[in-house]
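Protein sequences, first through last, are from chains E and P. Per the numbering used here: the first sequence = residues 1 to 492. Per the numbering used here: the second sequence = residues 1 to 95.
The hints are simulated quantities; they were obtained by calculation from the structure and are not laboratory data. Computed from a prediction, not measured in an experiment: that's the story for all the values here. Watch out, some of these pointers could steer you wrong.
Claimed, not checked - Short derived list, chain E residues pointing at chain P, Cβ under 10 Å:
(1) Arg-113
(2) Tyr-312
(3) Pro-338
(4) Leu-344
(5) Lys-358
(6) Thr-365
(7) Ser-369
(8) Leu-386
(9) Gln-479
(10) Trp-483
Cβ atoms here follow ideal geometry from the backbone N, Cα and C, with glycine treated the same way.
Each chain is listed here by its residues.
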Amino acid sequence: MDASIPTLVQAVEALQQRQISSEELTGACLQRIADLNPTVNAFITVDAEGAMQAARQADQVRAAGGGGIPPLTGVPLAIKDLFCTAGLRTTCASRMLEQFVPPYESTVTARLREAGAVILGKTNMDEFAMGSSNETSCFGPVRNPWDLARTPGGSSGGSAAAVAARMCVAAIGTDTGGSIRQPAALTGTVGLKPTYGRVSRFGMIAFASSLDQAGPMTRDIRDAAWLLQVMAGHDPKDSTAINQPVPDYVGALDRSIQGWRIGLPAEYVQSNGLHPDVRAALEAAMAVYRELGAEIVPISLPYTQHAIPTYYIIAPAEASSNLARYDGIRFGHRCAHPKDLKDLYARTRAEGFGAEVKRRIMLGTYVLSSGYYDAYYRKAQRVRRLIAEDFARAFQEERLSVILTPTAPESAFLLGAKNQDPVSMYLSDIFTINVNLAGLPALSLPCGRDAHGLPIGMQLIGRPLDESAILTAGHVYQQATDWHLAVPGCAS
Amino acid sequence: MSITEDTIRHVATLARLEISSAELPAYTGQIARILGLMEQLRAIPTDGVEPMSHAVEMTIPERLDQVVNTDQRALLLANAPDVEAGCFRVPKIIE
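Pulled out of the complex, with its shape left as it was, chain E reads as follows:
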């Protein structure tokens, strides 16, 4: 088996120069999915027929020539099974939606299709995006292409594994508390969570509406910039989508970072849970940045340690409200032989949701319930502001271009290692959830390997709407290093 599936930019160039057709490239991806998916389990639904049809159409568009050929014409992508795709089953990895065929298309997938992309299928994930290991999927866990006994991370683990194992050219994920960045770190890939509101949430199945954001998952930074260029922008169908022009992300990549000030938060580097191998990789990355002319500036984000409790109040509260819609009436699973309406609701939801989703619904219901609302939910909203102000203050007072942190405290852990203990699983998100609470853009990129040869990721955090800065900082690092070129064993 070869690893000849190109990156997105390589694919676009090869398609432009007629070195390969989309039909050939899409066929090659589908073949790798057929070979690897039985073990990796990255895809829930593979749309071979739809993909080949779209590929042939893309080839016709390119053959017709002329100007205005959309940028991604013929590029095969994988989409997290949380984006509604009209006519193509969308499950959110839940029994509740096992048979759900959306009547409409999400804005993200609509934009990708308009840009000419070919959709290979829908990737596996934690149920309703609630999890950090992909073990809460009702379709079984995804396996990490670097070591099949380990998790690829979650919740966008299927998208990350599909990119790492070269089952697609690139993929799309979503990130509520780290669900793009943590799996990117654990699979040696790149994952970008844009500023909250930069990408439309229309047609994304909601988990926590004030935190959810879609983003690209790719092999390198340049690919992420290309995908974000297509995904970002205002959408009248999402009232939280920011109405600001989309800058030229791709054009900004090749800037120098000479003189940039890169913040290094003490609370992250001194964290007890940080594995020594991850700390060593981060220190090596700092040396690379110094060599590239940047200055590493020690900073403090004192409210960091409160992010986990804050997040695990706010996110479940929003989830308990969002998931109230699954009532067995209009769509989704319904229990058999309900004796009355209450029984229908309670048994439908008991059968349709897995244990982690139920836990979060109950947690959210509790913190919102009468008598506890102020003590938990209102308190968490206040602390959320303090966490956001930490970042704003650091960026302003220290005149930072970006902030550098580890993405995850450790490399990929063994499947089964944490899934019996929700609290230890929640701690996997310790370096990523702050960014969601503050609404900032951040990305993860590979920066080393641990003693087992497993990938390690680092995180770059930017100012609001300054995706360009983190993309540039990531790109110059990748021009100077080769961690992003490594191919996992099962894909080589």
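Take the given structure of chain E and dock chain P to it, following the hints.
Structure of chain P alone, referenced to chain E:
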């Protein structure tokens, strides 16, 4: 605030989730531990801090009041678990 099996049973009822007696102890223990994690927030002074409900300060934009989705009854009913005469069918609601 101690979390008992009764608390969890009550919350499950509010959330319309059937939880069996066998599942109750595990959920109670786990949720109690998670809520324990949250106790640390109590010590943070937050008087005068405005609660933050959204990451981006913005007003809700208005759009023209126009019909954009015309009749989609068949499409929308296609996902329904039980349909009769173009309507969603549910168990008897009024005794």
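Results of checking the hints against the structure:
Taken as an interface hint, Arg-113 of chain E does not check out: its beta carbon lies about 19 Å from the nearest beta carbon of chain P, beyond 10 Å. For the restraint placing Tyr-312 of chain E at the interface with chain P, the shortest Cβ-Cβ distance is roughly 6 Å, inside the 10 Å limit, so the hint holds. Using the Cβ-Cβ criterion of 10 Å, the hint placing Pro-338 of chain E at the interface with chain P is satisfied: the shortest such distance is roughly 5 Å. Interface hint status for Leu-344 of chain E: upheld, as the beta-carbon distance to the closest one in chain P is roughly 6 Å, under 10 Å.
With 10 Å as the threshold, the beta carbon of Lys-358 of chain E comes within range of chain P, its nearest partner Cβ sitting at about 6 Å, so the hint holds. The beta carbon of Thr-365 of chain E comes within 4 Å of a beta carbon in chain P, closer than 10 Å, and the hint placing it at the interface holds. For Ser-369 of chain E, the interface hint holds, the least distance from its beta-carbon to any beta-carbon of chain P being 7 Å, beneath 10 Å. Taking 10 Å as the C-beta cut-off, the interface hint given for Leu-386 of chain E holds, the closest approach to chain P being about 6 Å.
The interface hint given for Gln-479 of chain E is broken, as the beta carbon of that residue sits about 31 Å from the closest beta carbon of chain P, more than 10 Å. Restraint check, Trp-483 of chain E versus chain P: the minimum CB separation of about 31 Å is more than 10 Å; hint violated.
Consistency with the previously given hints fails for numbers 1, 9, 10, ordered from lowest to highest.
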